[in-house]
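A.B. asks: These are the residues of each chain, in order.
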Amino acid sequence: MRYRKVMSRRTLLRGTGTAAIALPFLDEMRATSVWAGEPAPPARAFNLFFGLGIPRQIAAGGLVGPLAPLAAVADKLAICRGVNMYECDGPENNHFDGAGGTFTGREPATVSQAGGPSIDQAVLGAKYPQGPDTLITTLMMGSFFRRKLNNDLSLTRFVHCWNEDGSPVDVPIETPTDLFERVFGDADIGDGPEDLKAKHYERSVLDSVLEQYQHYTGPASPLGASSRSRVADHLDKVRELEQKLFPEDLACAVPGAPAELPLLGGQDVDGGGGGPTLQVNQWVPYWQSMAELYAMAVQCDVTRFGMVMFQSAGERIRLQGDWDYNGQTVNFDDVAHPVGNGASHEYWHAYTPGNAHPEMLWHTHFFLTQLVYFMQLLDDPEYADANDKTILDNALITIGTELGDGNPHNLESVFHAVSGANGRIRTGEIFDFDASCTELYTTLLAAMDIDQTLGTPSAFNGLLSQLLV
Amino acid sequence: MVPPTIAAPAIEGRHRNGLGAAGIPDGAERLGWPSPRRPSQPGWRATCGVANIEFAQTRHNYADLTEFGVESETISLHVGHQGVTGMHRQRWRAIAASAGALIVSGCYAGVDDYEGPQRLPPGAADAGDDSDGDGGEIEGQCEGEQGGSIIRRMTTIEYANTVLDTLGVEILADVQAILPADLRSDGFSNQTAGLLVTYGHIEGYHDLAELIVARLPDPTGLVDTYADCTDFSDACEVSLITNLGLRVWRRPLVAEEIASFRPIFATANEEGDDFTVGAGFVLEAMLQAPQFIYRLEDELPSTDDGPEGLRQLGDYEIASRLSYLLWSSSPDDALFDAAADEALHTTDQIEQQVQRMLAMPRARETAMRYIEDWLALEGLPSINRDPALYPDFDLQLAQDMREETLRVAEELLWEDGAPFSSLLTADFTWATPELAALYGIPNPGPGWQRYSLADVPHRSGMLTHAGIQAINGHGNRPSIVERGLFILGGVLCSTVAAPPAELDTSMADLEEGQSPRYYSEARLDNVTCRACHEQFDTMGWAFESFDGIGAWRTHDELGNALKQDGMLFVPGSGETVPFDTVEQFADVIAEEPQVETCIGVRKPLQFAWGRPLGPADVCARDEIADVAAESGGSYRALVSAIATHPSFRLIRATE
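Which chain is which? The protein sequence lines are A and B, in order.
Numbering-wise, this note's numbering puts 265 at position 265 of the first sequence, and it's gapless, one number per residue.
Numbering-wise, this note's numbering puts 626 at position 626 of the second sequence, and it's gapless, one number per residue.
Keep in mind that the hints were calculated from the coordinates and are not lab data.
Built from N, CA and C at the ideal position, the CB exists for glycine as well.
Some hints here could point you the wrong way.
Computed beta-carbon distance windows for the label pairs [what the hints assert, rightly or not]: (1) A:Ile430 - B:Glu575: 53 to 61 Å; (2) A:Gln130 - B:Glu415: 30 to 38 Å; (3) A:Asp333 - B:Pro387: 18 to 26 Å; (4) A:Glu194 - B:Met360: 39 to 47 Å; (5) A:Pro285 - B:Gln449: 37 to 45 Å; (6) B:Leu389 - A:Asn355: 32 to 40 Å; (7) A:Pro129 - B:Pro252: 46 to 54 Å; (8) A:Tyr128 - B:Pro391: 53 to 61 Å; (9) B:Asp274 - A:Phe246: 50 to 58 Å; (10) B:Ala561 - A:Asn355: 35 to 43 Å; (11) B:Phe232 - A:Glu248: 47 to 55 Å; (12) B:Val254 - A:Gln466: 53 to 61 Å; (13) B:Asn243 - A:Glu248: 35 to 43 Å.
Derived lysine to any residue pairs resembling SDA-like cross-links, with alpha carbons at most 25 Å apart [as the list claims (entries may be wrong)]: (14) A:Lys389 - A:Ala126; (15) A:Lys197 - B:Cys236; (16) A:Lys389 - A:Val335; (17) A:Lys148 - B:Ser233; (18) A:Lys148 - B:Leu395; (19) A:Lys199 - B:Leu395; (20) A:Lys127 - B:Thr198; (21) A:Lys199 - B:Ser233.
Calculated from the model, a selection of chain A residues having no Cβ within reach of chain B, i.e. all distances over 10 Å [as the list claims (entries may be wrong)]: (22) Gln113; (23) Asp233; (24) Gly256; (25) Thr277.
Just chain A, same shape as in the assembly (with noise of 0.2 Å):
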């Protein structure tokens, strides 16, 4: 008797360790845009996420100092400032309650699950009723090493896509390896006589399988609603698997694995919740390997919502390193520092309206440089959509982070910036709101014509119509 062997590629790089192939990748790729031709760009929205905030006092200077790397991506963004998540204070602080209530506009439910759907989740269900067409459906990626709340995880802390119900659509990605395989790898067998026997078979279990899903997930389902949520997330990764068994041409060439990188990412680094040392010379070029390799994603449209990250919520850094602040090369040396020692975090309690700590400003500067090369890589023109504009242009992205002031930690005019969503959101300004989030969320659904509000129905009192077009 003979069984075949599909182990996927997950699977057997564990078990062999990982190759190494040099990184960019964008050269390798197909020069021409997936969705030429097409009469309109599809629907995409990403929540971005950085941990610890802006204070306002801070954002209320513009684009400068700290802000300085959002100019380059300035005329794609509207900067959103007054925007106020009181409706998401609960009893958690505001590590938590902040960053669960960041895109979904509700308090949590608890510090592993969200009050509601998050804004990505709100469109794709809205456009997609029934799943879009693309590989994956949610994509999520991060760099970051803060998530325990004494022994367990609390996923408030990095995991920014909800579902309806609150849950947890996935877990981030956090290695340039693992998010290279869920884009990029498949488990195809192979074009030989045997390898189309185990191609039948596999299809023939898969359908199988998928027959039970969708049974639990149908109007004769014996589960309650949330049951068959869970089990609707369930289906819908099988259907990726599916895909990747049976793969078709992608649109884009398969780049080669990134290079293995030390280790930046995943729960042994946590350190206890006491926070990393890292090298500003390591971890850039770490987050820019995935940051390349989501993009690609999008580009080769095999995904069109997600979530990217640089720094969960309350993170805890020390970096060590130079660093170009506007032309002025600085040198992290947070161990060494008498606030910084405690990690990065520190320097936003230690913060002070118009006495912060050099590096706290420097470490603004340093988390939105990554963020702004990340978006920069959707900006590429090479990638434009049928209507000349760049995905950048065309997707709703919502920037968001968990705090305002840094030193009290609250939730009054926490930062945010959205992206054009194709024309419908007014860009190349900033608007000084005093808004709920709830309102705000909801006015970038309405954007996209989604007549839903999305977060806090209390806290709604109207659209933010200076954003709309």
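Given chain A, work out where chain B should sit, using these hints.
C.D. replies: Showing chain B alone in chain A's frame:
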């Protein structure tokens, strides 16, 4: 650095009501303080964890505090190392404690009725239609396991056990290597909220199904056992699918399910393979289906008996509940037979099965898994310690620490049938020579040895085990807070709110003359910090002399003398109980009824039900506790009480 001017509260016997030893009004002590919904006050700054407890000034209107005996007035708080100075210190402290708690810390103290404050995770039993928390009545008893129905994915352990017990394939190592680890949530790793399915699980289940079939001890045995014949006929295919499906999915298959596997046999026939090959692929499909991966129960309302909104489980569903409760695995032949005979409906029938099942090795394993999960012992092998500070600590010693606690628990709870609180006062332990050396036990024997603790100073019961101290040690630096919080949440089942965001919780650098106890006392001297910290810091004091790997020392690395005396702050009662030594602390806390309820009922129930308890669980919880206590309060008695309680046979139906 200015030392605190207010010393630790005087400890003279048990205090009740009025102003406690810390001078806080009882009303404020007992209140579940809500987090204020307001913008934080600018300028507020307090640092309960660090050396520099900064001066801060803020103004609040305390008009809402009158119900606690606090005058309505506008005051300014000057909070710092000097504390509140002046002639009205006591009054200030009372006012400030309440005010600080209400307005700044929002210190929630949750006890008794259910675990956790206002919010409940998925699956937790909220009040539902039974908002008084009394529970509905079933044959004179209350409902129990009726929380919002959310399916549970099998844990990695349950998956591996189920495969082994159903198919005879040992797969645990592969499961642990291939599947993402179960997320620890709400204090355990088997809770519904944490049992997510990521894409890694999907690939893993796919690959594991293939591995399992490839490793079947005898592939033809699958057909020999489950099929009546081996040709591609209706009879043969249906018999294989029906019989195999019953065991793999733990219930009989319906016609549509049976039909869904027939195409796999057709594929085998088309490919020229025999029936056995087709059967292997059928099994692969079954192993990836939700009916295998999840513990599915029919969640829809039915016309079956039972109060409105509750559905009586079927026999196969009860068989699975029993097997996963006692064995973390699938039902065995006897349970399947009982289910087929509809013989799992009465208390006597279930009790008979429970006693039979308790005699099996899997029951012991599950009991120890509860201990391991409750105490987070699985994390011990992965804790990191600086070799320069702890040259004797290595992976083997960490594993020895884990096994020590499990051995003691096994002897007490399993072999002796002792109540759970006996863990806290055990006068013996098990140790390897390396662990014995850590404890200062002279002339240890080879390998694992049982030692009396009668002559081993500072070791008494599980709380003094090195592993318990290490896992709650906060890295290289032992933490009074972490250890105190473990006692509060893990042993007393009480909660406090997370630290207010305003507070810097990083640890201070030690300095000569300033031990961890010094900073802890400073926290209690700070009205903002004290509201919460007095509930656990004073218990954490008992362990200050244990270092980051649980070794005893009298002075820290800077030569600061370390103390042990402290005070048990009994949650919800307003009582405080002093102690002078860690041994006294073990005795004192073991005598608290709340401890037995916590570690002997509430924690095991949460582990058994896969979710935190909610208000609607109170009635069933108490009934189960009473029944278990009448039978000696042992693990066996508790499991029996859980399984024979009416709630075990019910599910809350949901649309």
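A.B. asks: Now tell me if each hint is right for this structure.
C.D. replies: A quick look at each hint next to the structure:
For the pair Ile430 (chain A) and Glu575 (chain B), the beta carbons lie near 57 Å from each other, so the given range of 53 to 61 Å is met. Distance hint for Gln130 (chain A) and Glu415 (chain B): a CB-CB separation of about 57 Å, inconsistent with the stated range 30 to 38 Å. Between Asp333 (chain A) and Pro387 (chain B) the C-beta distance comes to about 24 Å, which sits within the given range of 18 to 26 Å. A hinted range of 39 to 47 Å for the beta carbons of Glu194 (chain A) and Met360 (chain B) is consistent with their spacing of about 44 Å.
Checking the proposed 37 to 45 Å range against Pro285 (chain A) and Gln449 (chain B) shows it is violated: the Cβ atoms sit about 52 Å from each other. The hinted window of 32 to 40 Å between Leu389 (chain B) and Asn355 (chain A) holds, with their beta carbons roughly 36 Å apart. Remark: the range hint 46 to 54 Å for Pro129 (chain A) to Pro252 (chain B) is contradicted by a beta-carbon distance near 35 Å. About 58 Å separates the C-beta atoms of Tyr128 (chain A) and Pro391 (chain B), a value consistent with the hinted range of 53 to 61 Å.
Between Asp274 (chain B) and Phe246 (chain A), the C-beta spacing of about 26 Å breaks the proposed range 50 to 58 Å. One distance hint, 35 to 43 Å for the beta-carbon pair Ala561 (chain B) and Asn355 (chain A), holds here, with the actual separation near 38 Å. For Phe232 (chain B) and Glu248 (chain A), the Cβ-Cβ distance of about 32 Å falls outside the hinted range of 47 to 55 Å, so the restraint is violated. Separation of Val254 (chain B) from Gln466 (chain A) is about 58 Å and conforms to the stated range, judged on CB atoms against 53 to 61 Å.
Between Asn243 (chain B) and Glu248 (chain A) the beta carbons are some 38 Å apart, a value that agrees with the proposed interval 35 to 43 Å. About 23 Å separates the Cα atoms of Lys389 (chain A) and Ala126 (chain A), which keeps this hinted pair within 25 Å; it holds. Between Lys197 (chain A) and Cys236 (chain B), the direct Cα distance comes to roughly 23 Å. Compliance with the 25 Å bound is thereby established for this hinted pair. For a cut-off of 25 Å, the pair hint linking Lys389 (chain A) to Val335 (chain A) is broken: about 44 Å separates their Cα positions.
A C-alpha spacing of about 55 Å is found between Lys148 (chain A) and Ser233 (chain B), which places the hinted pair above 25 Å, so the restraint is violated. As the CA atoms of Lys148 (chain A) and Leu395 (chain B) are separated by approximately 23 Å, the hinted pair is consistent with the 25 Å bound. Note on Lys199 (chain A) and Leu395 (chain B): the hinted pairing is violated, with a Cα-Cα distance of about 44 Å set against a maximum of 25 Å. Only pairs whose Cα atoms come within 25 Å are accepted, and Lys127 (chain A) paired with Thr198 (chain B) is accepted, the gap being roughly 23 Å.
For the proposed pair Lys199 (chain A) and Ser233 (chain B), the alpha carbon gap of about 24 Å is at most 25 Å, so the pair holds. A Cβ of chain B approaches the Cβ of Gln113 (chain A) within 10 Å, the least distance being about 6 Å, so the stated non-interface status is violated. Not every C-beta of chain B lies more than 10 Å from that of Asp233 (chain A), the closest at about 6 Å, which undercuts listing it as non-interface. Every C-beta of chain B lies more than 10 Å from that of Gly256 (chain A), the closest at about 21 Å, which supports listing it as non-interface.
Consistency note on Thr277 (chain A): stated as away from chain B, and its beta-carbon is indeed over 10 Å from all of that chain's, at 13 Å minimum.
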